[in-house]
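K.L.:
Sequence:
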Amino acid sequence: MENDNTVLLNPPLFALDKDAPLRYAGEICGFRIHGAGVPFEAVILDKATGEGLIRAKEPVDCEAHKEHTFTIQAYDCGEGPDGANTKKSHKATVHVRVNDVNEFAPVFVEKLYRVAVTEGKLYDRILRVEAIDGDCSPQYSQICYYEILTPNIPFLIDNDGNIENTEKLQYSGDRLYRFTVTAYDCGKKRASDDAEVEIQVKPTCKPSWQGWNKRIEYTPGAGSLALFPSIHLETCDEPLWNIQATVELQTNHVAKGCDRDNYSEKSLRKLCGAASGEIDLLPVPSPTANWTARLSVHYSQDSSLIYWFNGSQAAQVPVMNGLHAHEGLSDHFTLSVWMKHAVVPSKGRREEETVICSTVQSEDGYSHYSLAVHGCRIAFLYWPLLESARPVKFLWKLEQVCDDEWHHYALNLEFPTVTLYVDGVSYDPALIHDNGLIHPPRQEPSLMIGACWTEEKNKEKIKGNENSTDTVQGDPLLIHHYFHGYLAGFTVRPGSLESREVIECLYACREGLDYSDFDSLGKGMKVHVNPSQSLLTLEGDDVETFNHAIQHVAYMNSLRFATPGVRPLRLTTAVKCFSEESCVSIPDVEGYVVVLQPDAPQILLRGTAHFAHTASDFEAPDGVPLFPNLQITCSISHQVEAKKDENWHGTVTDTRMSDEIVHNLDGCEISLVGDDLDPEREYLLLDGAALQQRGLELVNTSAYLTITGVESIAVYEEILRQVSYHINHGAALYERKFHLSCTEMNGRYSSNEFTVEMNVLHNMNRAAHPNHILSSQQFIHRGHHLPPELSGHSLASTHNNAMVPSAATIIIVVCVGFLALMVILGILRIHSLHRRGMGQEVPGAAAGGHTSTGSKDSDMFWDDSALTIIVNPMEVRSNDRNLGPPGLPDPSPYDMSHLHSPTRAARRGQQKTVREELIRTWRKMMTALTRRHPTPQTAMTWTTDTSLAKVTALTAIRSFKTPVQWIPKNIWLEGGGVLL
1 MENDNTVLLN
11 PPLFALDKDA
21 PLRYAGEICG
31 FRIHGAGVPF
41 EAVILDKATG
51 EGLIRAKEPV
61 DCEAHKEHTF
71 TIQAYDCGEG
81 PDGANTKKSH
91 KATVHVRVND
101 VNEFAPVFVE
111 KLYRVAVTEG
121 KLYDRILRVE
131 AIDGDCSPQY
141 SQICYYEILT
151 PNIPFLIDND
161 GNIENTEKLQ
171 YSGDRLYRFT
181 VTAYDCGKKR
191 ASDDAEVEIQ
201 VKPTCKPSWQ
211 GWNKRIEYTP
221 GAGSLALFPS
231 IHLETCDEPL
241 WNIQATVELQ
251 TNHVAKGCDR
261 DNYSEKSLRK
271 LCGAASGEID
281 LLPVPSPTAN
291 WTARLSVHYS
301 QDSSLIYWFN
311 GSQAAQVPVM
321 NGLHAHEGLS
331 DHFTLSVWMK
341 HAVVPSKGRR
351 EEETVICSTV
361 QSEDGYSHYS
371 LAVHGCRIAF
381 LYWPLLESAR
391 PVKFLWKLEQ
401 VCDDEWHHYA
411 LNLEFPTVTL
421 YVDGVSYDPA
431 LIHDNGLIHP
441 PRQEPSLMIG
451 ACWTEEKNKE
461 KIKGNENSTD
471 TVQGDPLLIH
481 HYFHGYLAGF
491 TVRPGSLESR
501 EVIECLYACR
511 EGLDYSDFDS
521 LGKGMKVHVN
531 PSQSLLTLEG
541 DDVETFNHAI
551 QHVAYMNSLR
561 FATPGVRPLR
571 LTTAVKCFSE
581 ESCVSIPDVE
591 GYVVVLQPDA
601 PQILLRGTAH
611 FAHTASDFEA
621 PDGVPLFPNL
631 QITCSISHQV
641 EAKKDENWHG
651 TVTDTRMSDE
661 IVHNLDGCEI
671 SLVGDDLDPE
681 REYLLLDGAA
691 LQQRGLELVN
701 TSAYLTITGV
711 ESIAVYEEIL
721 RQVSYHINHG
731 AALYERKFHL
741 SCTEMNGRYS
751 SNEFTVEMNV
761 LHNMNRAAHP
771 NHILSSQQFI
781 HRGHHLPPEL
791 SGHSLASTHN
801 NAMVPSAATI
811 IIVVCVGFLA
821 LMVILGILRI
831 HSLHRRGMGQ
841 EVPGAAAGGH
851 TSTGSKDSDM
861 FWDDSALTII
871 VNPMEVRSND
881 RNLGPPGLPD
891 PSPYDMSHLH
901 SPTRAARRGQ
911 QKTVREELIR
921 TWRKMMTALT
931 RRHPTPQTAM
941 TWTTDTSLAK
951 VTALTAIRSF
961 KTPVQWIPKN
971 IWLEGGGVLL
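In UniProt numbering, the protein residues as written are 1 to 980.
Please note that the accuracy of each hint is not assured.
Claimed, not checked - Restraint-style ranges between C-beta atoms, simulated for each label pair:
(1) LYS214 <-> HIS528: 23 to 29 Å
(2) LEU385 <-> SER741: 54 to 60 Å
(3) ARG390 <-> SER520: 54 to 60 Å
(4) ARG390 <-> SER312: 30 to 36 Å
(5) LEU431 <-> GLY522: 37 to 43 Å
(6) ALA574 <-> PRO285: 48 to 54 Å
(7) ASP428 <-> LEU386: 24 to 30 Å
(8) GLN602 <-> ALA574: 47 to 53 Å
Since the hints were derived computationally from the structure, they do not count as laboratory data.
Note that the coordinates shown come from a computational prediction; the quantities given were computed from them, not determined experimentally.
Positions of the beta carbon are idealized from the N, C-alpha and C atoms, including for glycine.
Use the sequences and the hints to build the structure in full.
P.N.:
As structure tokens, this is what we get:
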């Protein structure tokens with residue numbers, strides 16, 4: 001028994017000796033156990049009968065040793081007491097099995113079990129929990145059954161620990177179930193610690209891409225940006241053996257197919273180092289280039305012209321007016337064109353459409369070539385010599401030809417080698433064959449764009465198009481193979497070839513898809529990117545490896561000032577399963593990349609904004625520089641998010657100016673403020689030859705001066721400092737204002753408008769121009785300070801005879817004379833009023849019996865020359881000649897002439913008397929009004945009329961001849977509160 005030393009033997013232990021019943025020899029003295037480390041011992045119970053007992057030396061553990069096996073041997077007592085000559089029995093084998101005691105409780109293998117299941121299914125087994133028991137016997141070591149302790153849940157558990165759901169789980173209901181389970185061994189001993197189970201309900205599994213964002217924002221200048229950093233493919237446990245995904249970036253709506261440099265075509269050629277000498281075959285319509293006048297014109301985002309050919313139009317370049325666009329075209333030239341071929345379903349893809357067709361005269365004779373589109377093929381036919389050689393046709397099969405998108409094509413001919421570049425990527429001809437004997441074209445120089453001519457007699461194929469071309473009127477040749485689509489930037493460079501580097505710089509896309517981690521690409525993975533970087537394909541056979549690979553697909557834009565806007569994005573996936581019948585289908589992923597507005601460069605123009613020079617300086621051959629110390633700087637402002645303080649959890653936006661950066665300008669314009677320049681008296685000077693050496697263009701008119709072309713800021717500073725203003729001798733010009741502004745990125749960003757004001761200081765000869773005002777002195781002498789009018793000007797030179805400009809002199813003289821006239825008129829007016837006051841005061845004093853001193857009394861006469869009485873016409877009847885309503889007393893008897901007093905105390909008393917007299921007059925007016933209008937409300941209306949009260953009061957004052965300064969400024973009358 002476990003944990004005990006008793007051993008129950010079956011059968012019991014006995015040993016017999018044949019010498020019995022002899023003493024000693026017939027007795028069993030003991031037992032001996034053989035075996036190393038046997039934890040048992042044997043004892044003799046009865047020597048005569050040979051009965052013995054086996055017991056454990058110490059309690060045994062079933063879990064340590066479940067069974068023990070050893071041998072035992074009996075021996076007798078020998079021949080005497082001393083035990084001599086003892087005899088041994090044979091050995092017997094003893095097997096001891098330790099009986100187990102249920103001392104251990106079941107223990108779960110995991111404390112927490114988690115699993116996720118899809119909704120809407122009944123599972124035979126969702127998961128299995130497992131518990132173990134430490135006992136050694138099957139009875140106590142086995143788990144007989146499990147039990148769910150949490151009530152009211154839709155799950156069951158069997159005796160093996162398998163959990164199943166009793167009803168279909170719904171994602172719209174409980175999305176997570178938590179419950180407790182326990183276990184019992186066959187001895188009905190419960191587990192010491194219960195286990196927790198979590199079952200998460202997922203929506204119905206749909207094979208798709210998970211963990212991606214539809215909107216992806218890209219900041220210009222950020223380099224490469226991962227499009228799907230956390231994406232993974234959900235296959236719903238369907239085994240796959242091949243996965244292929246295609247990421248497509250749609251940029252066809254940005255400029256001509258993708259984001260390229262924003263400079264104009266001509267500026268971009270200079271930046272890329274292209275040699276000059278190219279000839280524009282589709283120029284802007286003008287009197288000297290009128291063959292494009294009848295074509296439909298569109299404008300692209302970079303302001304370049306796009307011509308539409310509708311399948312029935314062509315442009316024939318004439319050989320006249322000094323224009324020989326096809327001279328030098330023999331066996332070395334480069335054709336360059338932007339093309340968007342429009343595939344017309346009605347035409348199909350069998351009819352050839354000619355882009356350019358030309359016959360060229362050289363020293364050896366006439367050669368002919370044509371570039372055409374035939375379905376999804378580009379065909380170039382070259383006839384070295386019409387007299388002897390045979391024509392050769394080069395063919396390229398390209399998807400770009402028929403995808404209805406913009407692409408750039410550049411063809412380098414160095415016969416017999418022909419190379420075609422599409423979007424900066426070179427392609428060798430797929431097929432070269434001899435066209436055999438065909439009817440040669442007419443040996444006459446000719447160049448046509450959008451169609452070609454023929455001299456074949458069979459014209460049924462081209463019937464109907466003969467009268468549809470307006471540009472070839474009068475030509476007896478028949479036109480066919482009309483082009484249908486858009487053409488732009490069509491140039492030819494005769495006599496030399498463009499290098500591969502220049503072509504890639506000019507026309508390669510600056511944005512596209514990129515794979516950023518080829519080093520960690522998993523085993524069996526393949527990555528392919530098309531030349532325009534708009535299509536990236538991944539292929540693999542392991543889902544986890546594929547997920548890692550697609551997370552490194554990135555968008556990149558190398559332009560500093562990328563074109564902002566939306567770029568649609570699409571992820572298409574195709575999978576192959578081991579079972580074709582149950583193979584899953586992965587839906588497409590559609591999103592978009594948002595290119596944010598780049599930080600706009602700030603172009604700052606600084607310098608001297610106001611200065612003056614003598615007329616002799618302007619009349620010099622070189623004139624006066626407009627911008628002698630001009631400085632042009634360019635910087636970029638950044639948006640920086642900074643924490644306000646440690647306790648502030650938000651962010652604040654701070655606009656900071658970055659360090660000065662290197663930029664290129666593509667144009668500057670000098671315009672005039674006011675009237676245009678008079679070419680007979682003034683003009684702007686700039687060396688045009690120096691500009692041509694730098695590849696810049698100059699336009700100098702009477703209204704503006706423009707410099708165009710891509711150059712560094714330092715070059716533009718140097719050139720603009722050389723612009724000077726010149727006036728002819730004797731021209732009466734005094735000041736001019738000019739505006740200067742510069743642009744970059746094809747006019748996308750503009751500078752501030754810098755204004756310069758120039759003053760012309762004219763010399764005044766005293767003998768030739770006498771002036772009585774200046775006869776005794778000059779305005780400006782040597783060593784004197786400048787007058788305040790010119791204190792802010794920068795004078796180039798001064799001398800003894802330097803004068804203030806004549807216009808300013810005239811203005812000053814006129815102002816001084818006008819001021820003197822006003823002073824004289826004021827004095828005369830005061831004197832006249834004084835005399836008038838003296839004449840009126842003497843009779844009034846005599847009539848009143850008073851005498852008055854002339855000076856004081858004359859100052860207190862009543863001047864009513866400026867008195868204006870305003871009467872409301874709605875309140876005065878036409879037949880009322882008095883100022884008030886009928887019935888009002890005449891205020892004339894109230895003579896207040898006795899109130900005159902020169903003393904302050906007397907004036908105070910007289911003011912009180914005036915108040916009392918006015919109050920009495922007011923009461924009489926109220927009485928008359930009340931009689932005429934007995935209604936109190938009507939009477940109140942009259943008494944509260946401010947204008948009527950003012951008229952009455954002022955009439956009384958005028959009749960009293962009371963001096964104005966003696967009347968109180970504020971007189972409040974009863975009943976109306978009228979303010980006088």
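K.L.:
Taking the CB of ARG390 and the CB of SER312, does the distance hold inside 30 to 36 Å?
P.N.:
Roughly 32 Å apart at Cβ, these two residues keep to the hinted range, so it holds.
K.L.:
For the range 24 to 30 Å, tell me whether the beta carbons of ASP428 and LEU386 fit it or not.
P.N.:
holds, 27 Å
K.L.:
Okay, ALA574 versus PRO285 on CB: inside 48 to 54 Å?
P.N.:
At roughly 50 Å between Cβ atoms, PRO285 and ALA574 fall inside 48 to 54 Å, so the hint holds.
K.L.:
Kindly confirm whether 37 to 43 Å is satisfied by the beta carbon distance between LEU431 and GLY522.
P.N.:
holds, 39 Å
K.L.:
Tell me if the beta carbons of ARG390 and SER520 are separated by a distance inside 54 to 60 Å.
P.N.:
holds, 55 Å
K.L.:
Are GLN602 and ALA574 spaced within 47 to 53 Å by their CB atoms?
P.N.:
Given about 50 Å between the Cβ atoms, the range holds.
K.L.:
Does the Cβ-Cβ separation between LEU385 and SER741 fall within 54 to 60 Å?
P.N.:
Hint holds: Cβ distance 55 Å, inside 54 to 60 Å.
K.L.:
Is the gap between the beta carbons of LYS214 and HIS528 within 23 to 29 Å?
P.N.:
At 25 Å between Cβs, range holds.
The structure shown violates none of the earlier numbered hints.
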